[in-house]
Amino acid sequence: MILQVQGVTKRFGGLQALTKVTFDLPEGQILGLIGPNGAGKTTLFNVIDGVYTPEEGRIIFLGEDVTGKKPYYLAHKGLARTHQIVRPLNELTVRENIMVGACFGHANADLGEAANIADEVMEFVGLSDKAELLAGSLNVAQKKRLEMARAVAARPKLLLLDEVLAGLNPSEIAKMVDTVLAIRDRGITIIMIEHVMSAIMNVSDRILVLDFGKLIAEGTPEEIAQNEKVIQAYLGDPKLAERLMQGD
Amino acid sequence: MEAILRSLIDGLLLGFVYGIAAMGLTLIWGVMNVINLSHGSLISLGMFSLYFLFTGLGVHPYVAIVITAVLGLLLGMIIYAVAVHRIINAPHLSTLLATYSVNMIILGIGTAILTTSPYNVPFDLGSIKFAASVVPTTRLIAAIVAMLVAGGLYLFLQYSRLGRYIRAVTDNRDAAEIVGIPSAQILALSFGLGTMLAAISGALIATFFPFTILAGGAYELKSFVIGVLGGLGNPVGSLFGGLILGVIEGLVPLAMPTTWTPVLEFVLFVLILLVRPTGLFGGSE
Amino acid sequence: MKSLRQHTSLWLSLGAIILIGAWPLVTGSALSRETMFTVLRSVALASSLNILLGYTGYVSFGHVVFFGLGGYVGFYLIAAQGWNLWPAMLMGGLAAGLLAYLVGAAILRLRGAYFALATIGINEAVRAFINNFEPFGGPTGMTLNFKLYKVYGGPGAALQLSFYIMIGLTLLVVLLSYWVRVSKFGLGLLAIREDEDAAEIMGVTAPSAKTWAFVLSAIIPGMIGTVFFFKNGTIEPGLAFPLHTSIEMIVMIMLGGQGTVFGPILGAAGYEALRDYLLVSPLFKNLQLAISGILLLLIVLFIPRGLVGWLRQRYAKVRRWLI
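Same order as they appear, the protein sequences are chains A, B and C.
If you're matching positions, the first sequence starts at 1 in the working numbering and goes up one per residue.
If you're matching positions, the second sequence starts at 1001 in the working numbering and goes up one per residue.
If you're matching positions, the third sequence starts at 2001 in the working numbering and goes up one per residue.
Bear in mind the hints are in silico, worked out from the structure with no lab data behind them.
Do not take every clue at face value.
As the list claims (entries may be wrong) - Straight-line alpha carbon distances no greater than 25 Å define the calculated PhoX-like cross-link-like pairs of lysine-lysine that follow:
#1 A:K157 <-> A:K175
#2 A:K157 <-> C:K2184
#3 A:K175 <-> A:K130
#4 A:K77 <-> C:K2184
#5 A:K69 <-> A:K20
#6 C:K2150 <-> C:K2231
#7 C:K2317 <-> A:K130
#8 A:K69 <-> C:K2184
#9 C:K2184 <-> A:K70
#10 A:K157 <-> A:K69
#11 A:K130 <-> C:K2184
#12 A:K229 <-> A:K214
Stated by the list, open to error - Stretch-level coverage of chain C by chain A, calculated; a stretch enters the list once three of its residues show a Cβ under 8 Å from a Cβ in chain A:
#13 2188 to 2200
#14 2203 to 2217
Unchecked claim - Far from chain A, some chain C residues (derived; all Cβ distances over 12 Å):
#15 L2014
#16 G2082
#17 A2106
#18 A2113
#19 V2151
#20 L2159
#21 L2175
#22 T2234
#23 L2274
#24 P2282
#25 I2294
Every residue gets a Cβ at the ideal spot worked out from N, C-alpha and C, and that includes glycine.
Please construct the entire structure, taking both the sequences and the accompanying hints into account.
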């Protein structure tokens, strides 16, 4: 198991953001994480990568209990992520942004190696022609690719993708899905939060469903698509859900 | 024992005046997240406003304070429009430097005209016996005026429409704009009110202490300490912070040389920033 | 890969400092040496602060505390303990670095304006403390016995030596600033400046990186303090910890361009030239402070990136060689 989440509970004041969430993630899989807005998906990412410390439960990453460890500790150990709301380092160039990932993440590259990794990763995500632009000047789709590139440049073992498809048009989505699969083929385990159902159903090996901070279902995409509880909870409208599941 | 009581009363009376100076600073911080580094020079301007109204035009000092307050309000709104509005959403460095440049401009012109020699408002109401100690009447009145101003500000913020707007902008500027509150004007008004408080406190101090154009700087530093004691952005807390500082300044000289007071104050200041940046009375952010 | 463009900026910076430093040697005038001493001091202080402010994004409003403390420690060792200038200067730098390390570990947790306020508080606390600290002469400070200059060949030679040391320290600051800017460590600082939380998630160990940036930005100001007050002959709290000097450093950085190697050099030299002009002009002499204020306000409002920053933003080609 690359990651074990055991009974994780996280509260903000009176709000119960996560309640006893438990799951295991084997290496090499793509795990889809879905649920309505406010279900606690991003909070779960923040707990896994050390931004928040959970009130209860443990996070075990690569066999080590990393609960309460700092984000940079987890990054060094092999975790990388993207943000739902992109966070480019605006005044740095695209290349420099990616070099930050390579230098300080699990790759722990020196500047020379980092530049090479950056070149390779920019090629991989299709940002080569933007290398010397300031990150702040990119459009949203390019910024999403940049987030992805920074994370991949860290040479992580586990990658958390937070809505990398949101706000993209269909051809951009197709490109991004290919990129995600290619990352998996590099041997990187992935958890992805997504609202674009067709995509997540296609790429995920397994899917978790969160609702009001609780894990309500877990299974293969087919099992999840059949799960009455999920459909009810997720949309409150089985017909609409069905249509979405089929990717219309 | 009597010495302690006397120092305590001295400190408390002064504390009210410190409190409204700090209230001005912390109001501006609370509403727009700007630390106003021109605060000290505005306090100095308040002192000189009183001086010139009294010695030049013969206006009674307590009438002059009202005029000073109005002038302060207007000046603050002008400063906001010229120096702050354009960069209100920029990083902190910008507003810190912009308000500091206002400070430099005021002090530069002030020093050129007024030099840095001390001035004194020749105004004396004698002393009165007050709870086992004799205090100059001007200091007692200053404390009362400060209380009235603080109370008035509280009522204004709590119950008037503009006050509610100010609180709305403090809570969430974007949301306030969505519901149609003219945030630019409210920010200007808040900056004006903060400046007004600085000017009033300067005018009050001028009724009992001699001053120079640079004198406000020391009160600005005190305002920082008080603001942090009471919680930046919490005007009511500032009043209590002012009283605490006043008491410290009253009592410390009994135990050690007066010159140690600023050491204690600034160490306290840094410690509170570190441990409770929301102040002694503030909730969590 | 990008070594060429980076070196251009380094040579430009070192060249500028050598020019400033060589000018009095060419003219042979003591007055121009004094002027250039001040310019070099400003360049070095601004470039030091830039490591924290420009690269890391933490605004220290009380940076003069390191200059003052280093000055006091070095001066005390020379005047009261009979140390030679060189080791005293090292101790001045170490004292400043140590203070930065201890204070930094605590206050670098604060962000934005809270950090700026804390640095003002630290400066005032140290100043107030030294005001009461008898070994350092309390409020009256200390004076150097002029006989001490004999070791260095008399007062004239001591002044000359101070000037050479100042050139050396300034070159050292610029090399340090350049090294930080193009190193992996510096890349981490830039990431912190842009978005500290995102940087930590990418693996930048922000707490230690920030602390070391703070220490690096403090050491040389401490050494400069020792040299400055050695040359000055006296030291007192008002001279050692003036808040406005801290802010002048920031103004110089803003004028030239924060976060660049060449910006603070340009900004410091420009600021000093302007001040010189204002001070000798009969019209502006008394209004020097007000005019500096207006200038600062205009920069903040209209070119917040400074001259070098503005050029870099405007012209992609410039970005390639000017840092």
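Each hint tested on the structure:
1. A:K157 <-> A:K175: 22 Å, holds
2. A:K157 <-> C:K2184: Given that 25 Å is the threshold and the Cα spacing comes to 23 Å, the pair holds.
3. A:K175 <-> A:K130: 17 Å, holds
4. A:K77 <-> C:K2184: 19 Å, holds
5. A:K69 <-> A:K20: 19 Å, holds
6. C:K2150 <-> C:K2231: Given that 25 Å is the threshold and the Cα spacing comes to 13 Å, the pair holds.
7. C:K2317 <-> A:K130: 14 Å, holds
8. A:K69 <-> C:K2184: 23 Å, holds
9. C:K2184 <-> A:K70: At roughly 21 Å apart (the allowed maximum being 25 Å), A:K70 and C:K2184 satisfy the hint.
10. A:K157 <-> A:K69: 17 Å, holds
11. A:K130 <-> C:K2184: 22 Å, holds
12. A:K229 <-> A:K214: Given pair A:K229, A:K214 holds - Cα atoms ~13 Å apart, limit 25 Å.
13. 2188 to 2200: That given contact holds, which follows from 10 residues of the segment 2188 to 2200 of chain C lying within Cβ reach (below 8 Å) of chain A.
14. 2203 to 2217: Check passed, 4 qualifying residues.
15. L2014: 22 Å, holds
16. G2082: Since the minimum Cβ distance to chain A is about 46 Å, C:G2082 lies beyond 12 Å and the statement holds.
17. A2106: 18 Å, holds
18. A2113: 20 Å, holds
19. V2151: 45 Å, holds
20. L2159: 42 Å, holds
21. L2175: 18 Å, holds
22. T2234: Holds, because the least Cβ-Cβ distance between C:T2234 and chain A comes to about 43 Å, which exceeds 12 Å.
23. L2274: 27 Å, holds
24. P2282: Fine: 43 Å to the nearest Cβ keeps C:P2282 off the interface.
25. I2294: Label holds. Min Cβ-Cβ 27 Å, cutoff 12 Å.
The structure agrees with every numbered hint stated previously.
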